[in-house]
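Asks: Chains as they are written, first to last, in numbering that gives the first Met the number 0: chain B, 0 to 292; chain R, 0 to 256; chain C, 0 to 291.
No lab work stands behind these hints, which were simulated from the structure alone. Keep in mind that the hints are not guaranteed to be accurate.
[What the hints assert, rightly or not] FRET-style restraints, in silico, Cβ to Cβ:
1) S143/B / K73/R: 24 to 30 Å
2) Y212/C / K268/B: 57 to 63 Å
3) K268/B / P61/C: 54 to 60 Å
4) K6/R / L7/C: 54 to 60 Å
5) T121/C / W2/B: 45 to 51 Å
6) K268/B / K88/C: 20 to 26 Å
Computed from a predicted model, the values in this text were never measured in an experiment. All C-beta atoms, glycine included, are put in the ideal place defined by N, C-alpha and C.
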Amino acid sequence: MDWYYVEGILILSGINLLAVLGLSLLTGFTGLFSFGHAGFMAIGAYTTAFCTMTLGLNFYLALVIGGLMAGIMSLIIGKLTLNLKGDYFIIATLGFGEAIRLILDNMQYFGGARGWPGITNHTSLMNVIVINIIGIVILVNIISSKHGRNMKAIREEEMASNIIGIDVFKYKLKSLWISAMYAGVSGGLLAHYIGFLQPKMFQMIKSTELTIIVIFGGLGSVTGSVIGAIALTALPEVLRNVKEWRLVIYGATVVLIMITRPQGLMGGKEFRPIQYLKKWFGKKNKPTAEQEV
Amino acid sequence: MSLLELKNVTKQFGGLTAVGNFNLKVESKQIYGLIGPNGAGKTTIFNLITGIYNITEGEILFEGKRIDKTPTFKIADVGITRTFQNIRLFKNLTTYENILTACHFNTAYSLLDSVLRTKKYKEGEAILHQNAKELLKIMGLEERRDTIASNLPYGLQRRLEIARALALRPKLLLLDEPAAGMNEEETFQLLDLIKQVRDQFDLTILIIEHHMDLIMNLCHEITVLNFGKELAAGTPEMIQSNPKVIEAYLGEGEAAC
Amino acid sequence: MTTFFQQLINGISIGSVYALMAVGYSLVYSIMNFSNFAHGGVIMLGAYMGFFALAVGNLPFPVAMILATLGSALLAIVLERIAYNPLRKRNAPYLYFIISAMGASIFLENLVIAIIGPNFKTYPKVFEKEPFLIGTLALGRLDVMMFIISAVSLTALLFIIEKTKTGMAIKATAYNLRASALMGVNTDHIIFIVFGLGGGLAGIAGVLFGMKYTVYPQIGFITTKAFIAAVFGGLGSLSGAVLGAILLGVIETITAGYFSSQLRDLIAFALLIFILVVRPMGIMGKQNEDKA
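This is chain B alone, in the form it adopts within the complex:
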């Protein structure tokens, strides 16, 4: 196993992770399911590639534009569908994701179903790591603010959230918007790593994969998402010699997790190494250390 290979897996994990972080806000913290996030990734990917290849813009600027574009689309789709209850919303996101893919299939300008080759490589392990760190910091800051708490309240009890004055629709829209931007940037990174775009890359199975990673890591846990993204992106690679069976194992594992450990790996808890160290070593001196969680 050479470094080039390991680096590739890490970059792909990082790209997945960014989309997963966004989806984690939507699914893990707001309790909304989306089967259309591959669609937001696609929008981000094509927009970013268009900006760098056709308009010749700077890669990072293009990423921002790609993220914003996905965000704008999410606002439109959210305005239309977030009032729908339960499965209607899920099916609407599924319809949206597929519609985006089918539109791209028919857009000859971007190569249609045959794809768009020759996109310059800008994505490196370094910038993927930096962007993910920024992504994590932003996410954690949102979650620990009142905005994040309101989203969690909606996840827990929609009616009670309304009663305590939370504008449920607005907060759902906010959550969707942020998560779509994460997906958009992730798509942009993907485009400039693979160097090739094809609508097929953004099928429903991609959305499903992202959701499964969020669940696997544990709903409502950022660290869980990180571990989940790396583990589940690397797992198929590790299982390479059982090639055909790896997705069988994958599917069975998902069912098994649901029926045995539905809270996922982390289950709403965070892994905080520094706090644990403090706890172990600081206990004797400060018995009533006040810490905000």
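Dock chains R and C against the given chain B, drawing on the hints supplied.
Replies: For chains R and C alone, coordinates are given in the frame of chain B:
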């Protein structure tokens, strides 16, 4: 001017009249009781006041302003909040988080403030945490600060739901069967608690309850509902001696539970 | 005009198979209140069962059909036992059901890829190629048979639901799971039957699709059409699902016939979003106010 006024309020589901031509006046600082057999339309009235259901006809006024078209999430802004018959806590959050979340009202910092951790964010959060801690103390929930809400004993869940409501600093608090499922001792603790928070928070309270001792001890005025219509209204003494009430409700009161 | 009628009839034929899937899916939804995303897996395996019965077992078509139906029903029941039942016993939130369904769906699809292979398989010829001629209309034998088989299956289902005691219990359970449990309906038994019925219909649909097109591991993806049809009609409403499915079939065939077949799926999804926005409860669905 009454704090809350319902004028000829009617609510129909399909062809079924759940509440018909109902009138109610709750004065400021009053504790007002709403009683009646199960299915009489009491909770429906709460749902109408809080905008969960739209009224079919009539008007609902709060401090003289119409609120019957106000969406539920803005009702808290107006100064009304409630608890639920079947407790609706944020089940997987801790006691403290439940209260803290409801405190969101007392500060305004933007999403960007929280992303950048600005001074505004830090000051805002400090206020919220202070509010939440105070409430925790007042409601005697300090020991259970970090308990997950769904793991609290039943009586404390009810208490927490009231605490969460108080975090909004309401003028009017609607309590939907707060003593349901409580034993005698817990019920009387609750009675004291309601009196205490009313004085401390300067509240007006509208309460639905089946527990007659509690209602008669607590309320200044009572309306009795039957089949979505007012059967009688007045002071506890008047209600207790009203033959219509005794016949329709108190007579079969035991069976209702 | 002839082409139009031709398209219309083809559309109804395809739509009737969509209806088989949509009704099965809707039936489960009406009882369990969650989208059974593993429905596609059952359809796919139904198609394979039919294929092997015909191509390898050399069995006559009706026998193959019955085997595929029973096999799919059994599969759906087993799936419920393994992937949903433990969640139901624990009163898990509905999102866990959905994830479990997705996992099961991935499992089944890739199990088939691993064991049978990813290749397309063509059903042996069951019906003659030459069409029925009615005036200037030429009706494909297969299309006509698809319609007849679907109609018969749906009528049978309707009979079970409307005329039998079990059907009454299913209706009661769909109305209110908890209340009917209190009334003495054995909900475990009802769920068992509902998955059996839904699975059986999925199996029939699988065989019909397999004959019409080919069999391949991803054929289950066609269930998204069932979701769309069910949403058209209103989730949980069986008559709505049938109506929605026929409508979808007709719209698709006409789009493919008059515009382009590439637009077909896009139109279906666009229509889905449009319906959700304009009339979220579907054509036949009812909107209910959340109870406090």
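Asks: Take the hints in turn and mark each one as holding or not.
Replies: Outcome of the hint check:
1. At about 26 Å, the CB distance of S143/B to K73/R agrees with the hint of 24 to 30 Å.
2. Restraint check, Y212/C to K268/B: a C-beta distance of roughly 48 Å breaks the suggested window 57 to 63 Å.
3. The supplied range of 54 to 60 Å is met by K268/B and P61/C, whose beta-carbon atoms lie about 57 Å from each other.
4. The beta-carbon spacing between K6/R and L7/C, approximately 56 Å, falls within the hinted interval of 54 to 60 Å.
5. Under the hint 45 to 51 Å, the C-beta atoms of T121/C and W2/B, about 47 Å apart, fit the expected range.
6. Judged by the Cβ atoms, the range 20 to 26 Å given for K268/B and K88/C holds: they are separated by roughly 25 Å.
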